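A.B. asks: Knowing the structure of chain A, use the given hints to seat chains V, C and H on it.
Chains as they are written, first to last, in our numbering: chain A, 35 to 371; chain V, 35 to 371; chain C, 35 to 371; chain H, 35 to 371.
If you are wondering where the hints come from, they were derived from the structure by calculation, not from laboratory data. Errors might be hidden in some of the hints.
Which copy is meant is left open, so a pair is good if it fits within one copy or across any two.
[Stated by the list, open to error] Calculated lysine-lysine pairs in the DSSO-like style (CA-CA distance at most 27 Å, straight line): (1) K232 to K292; (2) K40 to K354; (3) K104 to K292; (4) K232 to K360; (5) K104 to K40; (6) K109 to K40; (7) K292 to K40; (8) K123 to K104; (9) K97 to K109; (10) K185 to K104; (11) K109 to K368; (12) K152 to K123; (13) K109 to K123; (14) K360 to K292.
Since we're looking at a predicted model, the values are computed, not measured.
4 protein chains.
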Amino acid sequence: MILVLKDNASQAQIDNLIKWLKSLGVDTHLSVGRYQTILGLVGDTSGLDEDLLSSLDFVETVKRIQEPFKNANRKFHPDDTVVDIGGTKLGGGHFQIIAGPCSVESREQITYIAREVKNDGAGLLRGGAFKPRTSPYAFQGLRAEGLELLKEARKETGLPIVTEIMDASHIPLFEDVDVIQVGARNMQNFELLKELGKLRKPILLKRGMANTIQELLMSAEYIMAGGNEQVILCERGIRTFETYTRNTLDLSAIPVIKELSHLPVVIDPSHSTGHSRFVRSMSLAAAAAGADGLIIEVHNDPQHALCDGPQSITPDAFSKLVPDIKAILDIVGKELG
Amino acid sequence: MILVLKDNASQAQIDNLIKWLKSLGVDTHLSVGRYQTILGLVGDTSGLDEDLLSSLDFVETVKRIQEPFKNANRKFHPDDTVVDIGGTKLGGGHFQIIAGPCSVESREQITYIAREVKNDGAGLLRGGAFKPRTSPYAFQGLRAEGLELLKEARKETGLPIVTEIMDASHIPLFEDVDVIQVGARNMQNFELLKELGKLRKPILLKRGMANTIQELLMSAEYIMAGGNEQVILCERGIRTFETYTRNTLDLSAIPVIKELSHLPVVIDPSHSTGHSRFVRSMSLAAAAAGADGLIIEVHNDPQHALCDGPQSITPDAFSKLVPDIKAILDIVGKELG
Amino acid sequence: MILVLKDNASQAQIDNLIKWLKSLGVDTHLSVGRYQTILGLVGDTSGLDEDLLSSLDFVETVKRIQEPFKNANRKFHPDDTVVDIGGTKLGGGHFQIIAGPCSVESREQITYIAREVKNDGAGLLRGGAFKPRTSPYAFQGLRAEGLELLKEARKETGLPIVTEIMDASHIPLFEDVDVIQVGARNMQNFELLKELGKLRKPILLKRGMANTIQELLMSAEYIMAGGNEQVILCERGIRTFETYTRNTLDLSAIPVIKELSHLPVVIDPSHSTGHSRFVRSMSLAAAAAGADGLIIEVHNDPQHALCDGPQSITPDAFSKLVPDIKAILDIVGKELG
Amino acid sequence: MILVLKDNASQAQIDNLIKWLKSLGVDTHLSVGRYQTILGLVGDTSGLDEDLLSSLDFVETVKRIQEPFKNANRKFHPDDTVVDIGGTKLGGGHFQIIAGPCSVESREQITYIAREVKNDGAGLLRGGAFKPRTSPYAFQGLRAEGLELLKEARKETGLPIVTEIMDASHIPLFEDVDVIQVGARNMQNFELLKELGKLRKPILLKRGMANTIQELLMSAEYIMAGGNEQVILCERGIRTFETYTRNTLDLSAIPVIKELSHLPVVIDPSHSTGHSRFVRSMSLAAAAAGADGLIIEVHNDPQHALCDGPQSITPDAFSKLVPDIKAILDIVGKELG
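Just chain A, same shape as in the assembly:
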């Protein structure tokens, strides 16, 4: 961390600050220049409050140089994290396709799709039971009943299940869920993140539509600070001025996250683009860019999906996509499953 001091900083103020920082275990180096005086903080500054330092009236700006996250930081954990979901591995060379419908609608629907996607190469089953909807008048999901149907589909196919939680009070209902998903709108629901940090269960954490990569890692840090280290990051599109796609899929987030963190990253080509016809190209691109997995919406009857129909591909399209993903994984040195 670097503090640029104002011209009016007195020697006494500077001395006090240096003394206080030393008491927190942070060393300082002072550079007095013609236009600016700079105080370099060179120890472990992750516990320092940037806002507090900024508010000192003799400080002009504070620039953080070290990342403010620790558990999620590759510097302190150079090897890739491999998340183990009951034997199904994700990360560190293991690429997984998580597939399934937007919403769980019925027993027939979810078991049918589960069987289809399993046959075609999916390693996990997704399906929404609790659905975050912009409008209070839209279908809100089958909720607890949907969770039960997911478990039946798991029993039938052996696929571990991934489904979204919307409130910390629902955690008991998710006890038997394999991977708990935190949606984009809840990425900074810190009370929920803290509760999930107390579990010992993989969490799929989606990036918020307007959140930076660093904020995504800080939210992972909330979970990891509680002792739960099995976090899977998910890029699902950010909000920009472009309106042709629902959001703008930020694939450059893949190499950036790989550099900053050891956590695996999966891509959601369905919600990011919002159109099934763009899912194929973005899936291949994600695999080529180094992702550790995909989360794809597949629906047997896109015409009658209760929500988010336009972005779901058919089992047939899914079946044609997987071999090309495999071929690309071969080039980048990863393996499906």
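C.D. replies: Structure of chains V, C and H alone, referenced to chain A:
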């Protein structure tokens, strides 16, 4: 709502759709053109699922013309809503300044600031007890204890209190709070909104950093659909590429919201800009633009605030600001308090 | 400027860099820390190439602390610049309203509007002769003929004229124009800016839709580096995800620019919002926020304007707006004209 | 195009409008509903001025359904355009890598790099002679001399050359350039586009940092309306709130452009990310997503590049990248060269 149909739409498909829409009470008008066939839906379409319609394979695009919100819509409620907070009125010509520190830190701090801002013209007291922080290592607020201190400051000064809730499970703690604030990061925490809709207590709903005005109104709709009509909207800056200010304050949201909705709107010049030195000009601008109130951070000792110090002004600066706000309210035909 | 060095930086590399910087007149201070080594550059670094320094393989990051602009910088020119347009002053307490139609359409139209807005308090006349249009099939302006009509309106009313240039090769045509406007899409047309820097004539420089405030000041610097110091900056809305307004008017740019630069800043409430019904509130807000002027579209017959009709107000609405602007200027200590 | 009319629209106004539209060759269908009256325009509406229609006081909103571009529209030109650059084909299955340094610096530099990248599989040589720089104090390119050096490198290697133009007045200097590049900042320099439309020479048109895909296609339309149909589109990153990469590369623009237009699209992984270490993954992703080419910065000595060093890869890294691109092209059914 308008559906643009694809060239390949069969007459049978169109007939079925029209029949189905009629069963939902929606009339249709069909326009068959050289390049496009258009189906206009002209009844009450707020219950229709746009996504479902988009997913029909003979539909090219769906364009919504009527707003999807009802309770918050000025069309169905032409007069301004005036929120009554134990006799303190906000909206419909009554302008209120909500002032106080970022975080409640101690009894002395909160009662001192409460007295100061009351003397200078504030109508409500703000102060954070539960604090949403990007980092798990930053100060998280005094939580329940902070709420108690706020109530003591209210007892001392008579100012109603405004403070943020972070999770639906905390609602019982907020029973005696006058206005419950929903922060920007929770604007689409729909489970929380639904619970707040069951209360009969004013809610200050902040716009998310990446949320459109329509989404803000849809989140208000969540609360109002539950029967709680006392919603105050708050613009606090949106996320853009500009980094000189923390966020970009969208003051044009004021006339837009006034056109679309009858709900009052207040502006947060502190969090939006992130710097105390921009609070004065943005406060005056908000009053001139037609806002119904301001929520301003005031701290007796900005040098030692436990969080968000850089954006807090001193009681002295606050005291100099209020008369100029009053003078502007006079021009735009509003009254302080 | 601060360089954070990589762990692998050798002493020889560091010594060479320090020597080279010294040869450019830049002093350095080295801070060797546990995790990072920091090199502070504390002289005049505006001539240094940030990209070049970043590319050195032992440099981790480069952080600029001093602003890269000089002529536009308030640090080196503390007093407000007052632009003098043939006796009409703009800046430093002198507030000007620039009003007129989007496009010059006919002699009758432009002289009629010129007379109207002059009577109501406008100090300068605007009108587009060369029109930047997104579509090649849209009306492109009367071009040279439009300039002649503007001059006739000036002759009739005495109002100085402001009009947009689109290409450096047109400069000879603009010899007798009082203020040359550079549109948002040309803000980084550097060849044009260089040519305008050779003139001794006021330039109204509009901020690009996706340009930061610093980039706006760098473009002003291009003009000023050529010796033309009469630059008026104009905020006209930036591009964000919000679609209800055409762009998002960034009024917080006013206090930011005032802090960084001595140049005057005017606000365009017409193009930024894109709707005439939002012009009034944004004009009052701009005056309250400390702007030095407004550029407002006024059209006698908004129903038949050849372009940008929806954002033009009528002379009647303009006439009702000016007294309220005056009243607000009184509060913030400025004067109209 | 669809016009939603206001409640207050009189029958006479509507009749007049319908008559006027008919005179322009546009048919209409009127749908009178309970809440809204809708006028559907179903002929060729690309010549209609949306703004003019919006400005009619009995029109509430105008919604365009048909794209406003013709020459660039796939609907009227279903087959992929293949641009022929003196025998080198780009588009329609022919994938090209355009490689070379950011700036042309010397004869040795440019011929050395040209030979290297040719050996490794590049089909065209890029190099900046005229350089758009944010700061007037930064290196502005060798200009005319740089063009001569590029031609010498072409003579030596046979690679066609691609280089950027910054002003219409420079066109004569570019007579012997194979592909003229229009930079992101000039994407809406309409005077320049019109002049380039008069040439019969391939134009590489880069998307502006804040421009939508539709605006990119409208700028292509400017060139094509002049009769020059050899336009290559280039996505090079858009401006978002994320700051870890210089811009956010929008790879979903590839399938979107492919759907809307027949023009080829190339990706710039260097400028978009701003860091050489992200070039590899984004190049592979672009090939997988269906791009027709790449434009990559390669520098023999990134440590001493005069500009944009951090984003240039070495010939060695380039050499390792090409075989993997080839392998991916094989999967998606394209061919290098």
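A.B. asks: For each hint, tell me whether it holds in the structure or not.
C.D. replies: Hint-by-hint comparison with the structure:
1. K232 to K292: So K232 and K292 pass the 27 Å test inside one copy only (25 Å; across, 44 Å).
2. K40 to K354: between (62 Å within a copy, 25 Å between copies)
3. K104 to K292: Close inside one copy (15 Å), not across copies (39 Å); limit 27 Å.
4. K232 to K360: neither (36 Å within a copy, 47 Å between copies)
5. K104 to K40: between (31 Å within a copy, 19 Å between copies)
6. K109 to K40: between (33 Å within a copy, 13 Å between copies)
7. K292 to K40: between (37 Å within a copy, 19 Å between copies)
8. K123 to K104: within (24 Å within a copy, 47 Å between copies)
9. K97 to K109: both (19 Å within a copy, 21 Å between copies)
10. K185 to K104: neither (35 Å within a copy, 38 Å between copies)
11. K109 to K368: within (23 Å within a copy, 39 Å between copies)
12. K152 to K123: For K152 and K123, the Cα distance is within 27 Å only inside one copy (16 Å; across copies 42 Å).
13. K109 to K123: Close inside one copy (23 Å), not across copies (45 Å); limit 27 Å.
14. K360 to K292: For K360 and K292, both the intra-copy (21 Å) and inter-copy (24 Å) Cα distances are at most 27 Å.
Hint compliance for this structure: hints 4 and 10 are broken, all remaining hints hold.
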